[in-house]
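Student: Next come the chains, spelled out residue by residue.
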Amino acid sequence: MERIRSVFRRSFLVLFPGVVFLTGCATQSAGRVGPTTIQVALEPYPSDQLVDIGIEVFKEGDTDEEAMEKQHTSQQIRKSEVVFMAYHLKTTLEESGFWGDIRVVPDGATGKDVLVTAEVLSSNGEELALDVQARDSQGNVWIDRIYRDRVGRQQYEEIRVGKTGPFQNIYNAIANDLASVRRRQDSLQVRQLKRTTQLLFAAELLPEAYGEYVRTDSNGRSEVVRLPAEDDPLWQRVNQISVRNRMFFESLNATYDPYYRELWKPYSDWRRYNLVEQLSIREARADSIKKTAAGIIMIAAAILLEMEEVDNSSTLRDVLVLGGAQVIINGVNISKRADIHRDTLKELSDSFSSDAKTVRVELEGQTVELTGNVSQQMAQWRDILRKMHATEMENLPVADE
Amino acid sequence: MRLLPFHVLLWSLLSVPAWPRELAPAAQQQLSQAERELKLAEASFRRASRRLEAMQEDPEALDQEVLALEDYVHELSELVRVRKETLDDLQALAGSPVSAPDPTVTEGMEAFESAVDSVPSAEPEETEQERLDREFAASLEEFDGMLLAYNRTLEDQIAARSAEGEAAASPHQTAAAEAEELLRSMGVDPGTETENSGEESEATDPAQGETESPSEVAETSGETGTPGTGSTRPPREDEDVVARQLREAAEKETDPVLREKLWKEYEAYLDGRS
Numbered sequence: 001m002e003r004i005r006s007v008f009r010r011s012f013l014v015l016f017p018g019v020v021f022l023t024g025c026a027t028q029s030a031g032r033v034g035p036t037t038i039q040v041a042l043e044p045y046p047s048d049q050l051v052d053i054g055i056e057v058f059k060e061g062d063t064d065e066e067a068m069e070k071q072h073t074s075q076q077i078r079k080s081e082v083v084f085m086a087y088h089l090k091t092t093l094e095e096s097g098f099w100g101d102i103r104v105v106p107d108g109a110t111g112k113d114v115l116v117t118a119e120v121l122s123s124n125g126e127e128l129a130l131d132v133q134a135r136d137s138q139g140n141v142w143i144d145r146i147y148r149d150r151v152g153r154q155q156y157e158e159i160r161v162g163k164t165g166p167f168q169n170i171y172n173a174i175a176n177d178l179a180s181v182r183r184r185q186d187s188l189q190v191r192q193l194k195r196t197t198q199l200l201f202a203a204e205l206l207p208e209a210y211g212e213y214v215r216t217d218s219n220g221r222s223e224v225v226r227l228p229a230e231d232d233p234l235w236q237r238v239n240q241i242s243v244r245n246r247m248f249f250e251s252l253n254a255t256y257d258p259y260y261r262e263l264w265k266p267y268s269d270w271r272r273y274n275l276v277e278q279l280s281i282r283e284a285r286a287d288s289i290k291k292t293a294a295g296i297i298m299i300a301a302a303i304l305l306e307m308e309e310v311d312n313s314s315t316l317r318d319v320l321v322l323g324g325a326q327v328i329i330n331g332v333n334i335s336k337r338a339d340i341h342r343d344t345l346k347e348l349s350d351s352f353s354s355d356a357k358t359v360r361v362e363l364e365g366q367t368v369e370l371t372g373n374v375s376q377q378m379a380q381w382r383d384i385l386r387k388m389h390a391t392e393m394e395n396l397p398v399a400d401e
Numbered sequence: 001m002r003l004l005p006f007h008v009l010l011w012s013l014l015s016v017p018a019w020p021r022e023l024a025p026a027a028q029q030q031l032s033q034a035e036r037e038l039k040l041a042e043a044s045f046r047r048a049s050r051r052l053e054a055m056q057e058d059p060e061a062l063d064q065e066v067l068a069l070e071d072y073v074h075e076l077s078e079l080v081r082v083r084k085e086t087l088d089d090l091q092a093l094a095g096s097p098v099s100a101p102d103p104t105v106t107e108g109m110e111a112f113e114s115a116v117d118s119v120p121s122a123e124p125e126e127t128e129q130e131r132l133d134r135e136f137a138a139s140l141e142e143f144d145g146m147l148l149a150y151n152r153t154l155e156d157q158i159a160a161r162s163a164e165g166e167a168a169a170s171p172h173q174t175a176a177a178e179a180e181e182l183l184r185s186m187g188v189d190p191g192t193e194t195e196n197s198g199e200e201s202e203a204t205d206p207a208q209g210e211t212e213s214p215s216e217v218a219e220t221s222g223e224t225g226t227p228g229t230g231s232t233r234p235p236r237e238d239e240d241v242v243a244r245q246l247r248e249a250a251e252k253e254t255d256p257v258l259r260e261k262l263w264k265e266y267e268a269y270l271d272g273r274s
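Those protein sequences? They're chains C and R, same order as listed.
Position one of the first sequence corresponds to residue 1 (the numbering used here), numbered consecutively onward.
Position one of the second sequence corresponds to residue 1 (the numbering used here), numbered consecutively onward.
These aren't lab readings, by the way, just hints derived from the structure by calculation.
The structure presented is a predicted model; accordingly, all values stated were derived computationally and were not measured.
You may find that some hints are simply not true.
What the hints assert, rightly or not - With a straight-line cut-off of 20 Å between C-alpha atoms, the simulated EDC-like cross-links for lysine to aspartate or glutamate are:
no., chain 1, residue 1, chain 2, residue 2
1, C, Lys387, R, Glu265
2, C, Lys163, C, Glu95
3, C, Lys265, C, Asp186
4, C, Lys387, R, Glu130
5, C, Lys387, R, Glu126
Bound-form chain C, shown alone:
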């Protein structure tokens, strides 16, 4: 359904390019991204104009056995690479220099001006396809697009470990699309966006006090309707919690960082061999088909010769039959080679996914524990603030009639 909606939207935007400009949304066709250089900010924005970005760990997509086999990958590998991909997008965005705080965040996290989510549609050594959405705290859609790319061996020669991968074009394209929307915003729009982010955080923490400061319509668009006093003690406490929330994201990313760096080389190796094996399998199959077909033609020709009783054709006929049979044998031999390539691929996948799983389970243990502790703390703060607010309301002087 999401795909249909996305395709419909893209068709609509092709017909009405003006709408693209007005909404600031980057939507394009789902074709291959092709070579894409990342755009880098010439001058940094002032600190109060820096837009913060949160990136959720990518969704794994369809990981049933049939889908995984078709994509020459496995569920375990997919589980490992979705964390890697989200973090790699973070490092790519940091290279562009357009943004403030960029963090990989838990699902549904608040406190970021723009939230990026993505689903992996396919991923192996040869192809990567991501369905990416980016929406700001005001509810505006910045990106709603499928990014797809197919690579060859050349892209693996151009890898810089820890910096650029074989599918760097996709990450650069996402970064460029986000930057394109950012550049179209003036300082007032950014201030309003950041204020909305702050108040939505406060409203989630203490809806009794700040729920009415932001209005959200049925389309998910949010608008600030009131501003809190800067010297409001309750607001100051909310800001103190907001600082801790940012520090939590920082610790979470400090946990992801070594995982990302440790996984880089083995993941790149697996993808490279995955590509080579896929190419070899296809090549072996094509050869096999050609040779088998050629063999059948030769035998058919021999039968034809016999039927037509051509003089002195017996030797030629024998050659054709035997030669044709041999060519067929060659065809079968080559298809066996395809099986060997496939087995090697599976062995590589199993080895990589097993090791990646070990590292990933350790990562999950740490992040789940940290996230759990923080959630518990947030609940406690929410409770204290609620009581503070209630006490403040009780102590408010009653107006004389």
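On the provided structure of chain C, position chain R as indicated by the hints.
Tutor: For chain R alone, kept in the frame of chain C given last:
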């Protein structure tokens, strides 16, 4: 409540006996708790200050992040100051050594203490708001401690991993090396071949085969009873067109098991004809 005459109170204060140096258990516990809390706050302040220094020297650190951390360090320094004052107060109360009480004045002291207890406290009782403020401040402090402990553990883990080196952290390298060897044995170069490598690799295999000496092939034959590793063989004299095709197929085949079968067929065909 009946207040004691002033001269009785004054006499009682002047003759307050010196108490033993040892504190009551509850007071000792309070003092120890205050010392622990001060150490915790000082440790947190030191760690956060080091982190702030590093961030201030980092040209890539964002202003927003630096400002947030500065605020945080300032809050920690305030916490250290407050706790130090608390500890100083407690130590002052418990600090002066006193001598054992004179049993002859015990009765007067008891009355004095009773009178003091009955005087209402000069300090107002804590309001609900103040209690909540205190609870909030304590929860912030607890969170900060948790996060700092987590970060320290993470740094220790990363340092330990770096110390172990790459060998311990990449068993994939072994799998990758083995895969590379397997691919090369099948005539596929994982790193340098172009898209049309299939044909090229087939073309180069006979060249590789030709470098192997007949003696190596002979030795392998002796061990296994069948032709093994040699990619090419000199053609037999009785080779005809079909046999030549079989031989060429065997020479081009990169799979050793399948190549062996083809060589058997070649031999069987020629032996059958003869």
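Student: Which of the numbered hints above does this structure break?
Tutor: Going through the list in order, the structure violates hints 1, 3 and respects the others.
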